[in-house]
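Input sequences plus hints: build the corresponding full structure.
2 protein chains.
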Amino acid sequence: MGVLVVGSVALDSVRTPFGAVHDALGGSGTFFSVAASYFTDVALVAVVGDDFPKAGIDLLESRGVDMTGLTVEKGETFRWSGVYGYDLNDRDTIETRLNVFEGFKPQVPKGLLGSEFVFLANIIPALQSSVLDQVASPKLVACDTMNYYIEGYRDDLLDTIRRVDVMVLNDSECRELASEPNLIKASRAVLDMGPSTAIVKKGEHGALMFTRDSIFSAPAYPCESVFDPTGAGDSFAGGFMGHLAATGDTSEANIRRAVIYGTVMASFCVEKFSVEGMASLETADIERRFRMLKQVSHFEP
Amino acid sequence: MGVLVVGSVALDSVRTPFGAVHDALGGSGTFFSVAASYFTDVALVAVVGDDFPKAGIDLLESRGVDMTGLTVEKGETFRWSGVYGYDLNDRDTIETRLNVFEGFKPQVPKGLLGSEFVFLANIIPALQSSVLDQVASPKLVACDTMNYYIEGYRDDLLDTIRRVDVMVLNDSECRELASEPNLIKASRAVLDMGPSTAIVKKGEHGALMFTRDSIFSAPAYPCESVFDPTGAGDSFAGGFMGHLAATGDTSEANIRRAVIYGTVMASFCVEKFSVEGMASLETADIERRFRMLKQVSHFEP
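Just so you know, the sequences run in chain order G and Y. Letter by letter, the first sequence follows residues 0 to 300 of numbering that gives the first Met the number 0. Letter by letter, the second sequence follows residues 0 to 300 of numbering that gives the first Met the number 0.
The hints are simulated quantities; they were obtained by calculation from the structure and are not laboratory data. These numbers come from a predicted model, not from an experiment. Just to be clear, a hint being listed does not mean it is correct.
In silico negatives: residues of chain G with every beta carbon more than 12 angstroms from chain Y [as the list claims (entries may be wrong)]: (1) Leu69; (2) Arg90; (3) Glu94; (4) Lys109; (5) Gly247; (6) Ala278.
Pairwise CB distance ranges, derived in the manner of DEER restraints [claimed, not checked]: (7) G:Asp91 to Y:Arg96: 39 to 45 angstroms; (8) Y:Gly151 to G:Asp191: 44 to 50 angstroms; (9) G:Ala19 to Y:Arg287: 49 to 55 angstroms; (10) Y:Ala54 to G:Glu299: 35 to 41 angstroms; (11) Y:His297 to G:Thr92: 37 to 43 angstroms.
Backbone N, C-alpha and C fix where the C-beta goes; we use that ideal spot for every residue, glycine too.
As structure tokens, then:
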């Protein structure tokens, strides 16, 4: 069935207590695509500059990602640099240079207008909406955002949220979007904005999934070596949407399984820089962590 | 089978964004005893001053707590006062007056020297050890502590930890005790200190349980109205030890269930001030939340 993602493709410079990389392949669309590619066909709509390295294209192609929607513009690729301390939950952004991303107007290629599973990665809310204007009748749309858009683009963001099925946020974003410190109440408030499902990512504490009449608490994968958390949220979304698109099943039971696959892909992501941790996995590696998470959360009545 | 607890009985003055209480019944031994009393017989070893209100004694008696080990000394009862902000994970201690607790020398009454399940609540490590010197051959000993003892009484604390089966800590205490920021590695380091099981309480994020060859991730109960977190950790320990003592079963499957019962009792504790949230529960209330936690964490392979 396949999944369509609109997001950023960037070059990241990251420093953690364990090492550093310069201009490594990054961006929400990239992490999402690589993660989802283990489950289903992925088509990426994004923009890069004419400085974008061939190695980046090669990696995405090696994962079978459809890049007919990737535009190459004259100029520099989006660059982000950040530093993490020993508490890997906190990061400082050193620099964000939007470059060609500033003029990004997502154009969904003709052949993808019938996409059934759509992920709106973290970009300007009005652009997220413009993608929904183009896609004919998606079966399931999921959407991410960030504090910057919650604060500065609230009305546009609410317009987008009204049109999506699954809202994916981290815990601080969820509290801020709902102006409510209690996470359970905040998540219910997000559902009142339109989506039928809200997923709250809590990093090392796992994830919560809310529908109007149920709550699912997913454990975190017990990572002993978290190396670089960059892209974990987008990798989560990739595993989540990848599993849903591969199965075409949007029942609650399957959405719960999708949350677990998202957790698994995030766990691979954080073990190395950039997309290295997800570059060459086997299905068996993914299934092993899925089963581990089942054991980790199991108790008998 | 019953459980023996050694801890504090105090009068707490607490302010949260939702209200305030003055000289309310508190202390680790109190919260533990009330929580455990729903599962098994509880005997409390503690000290109070001659100012301790009859209402406090009445409440513990109404829960059937054996108080032959409760000493009444001339002087004032241990008093603690603290303030919570909207982030209920953070609290400021305003004042701690040990009073008669300063001279506390726990004496286990003769009739309780054969206790099989023992909980060493958060008191000076050397006193925790002195209890173990008295009890003949316990089947399972669990122990709590706090940052203050980790920092100032490290050698004594390590002596105690070496002798216990289950170490119960919160996440920041676990990281500090092990001098290791990664919680998975830190918990393994705690197991290397002696215990066969380490339980890490993470407040609104649930709890983790570690043995030498397994990890259990317990969900938090989704509380929409957290009113006062004081005593949550001791109530968790009460539900945990209460279930173990009631069943006499220390298999891993049953220890996992005990963690869930601990989570349930903590969820009742935080909904009101002092022990009010746990003062008059029915078994059906407890079982309902247990089943809810099963639903909340369930996914199919």
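Against the structure, the hints come out as follows:
no.	hint	in the structure
1	Leu69	35 angstroms, holds
2	Arg90	15 angstroms, holds
3	Glu94	26 angstroms, holds
4	Lys109	38 angstroms, holds
5	Gly247	17 angstroms, holds
6	Ala278	24 angstroms, holds
7	G:Asp91 to Y:Arg96: 39 to 45 angstroms	42 angstroms, holds
8	Y:Gly151 to G:Asp191: 44 to 50 angstroms	49 angstroms, holds
9	G:Ala19 to Y:Arg287: 49 to 55 angstroms	51 angstroms, holds
10	Y:Ala54 to G:Glu299: 35 to 41 angstroms	40 angstroms, holds
11	Y:His297 to G:Thr92: 37 to 43 angstroms	38 angstroms, holds
Checked against the numbered hints listed earlier, the structure breaks none of them; every hint is satisfied.
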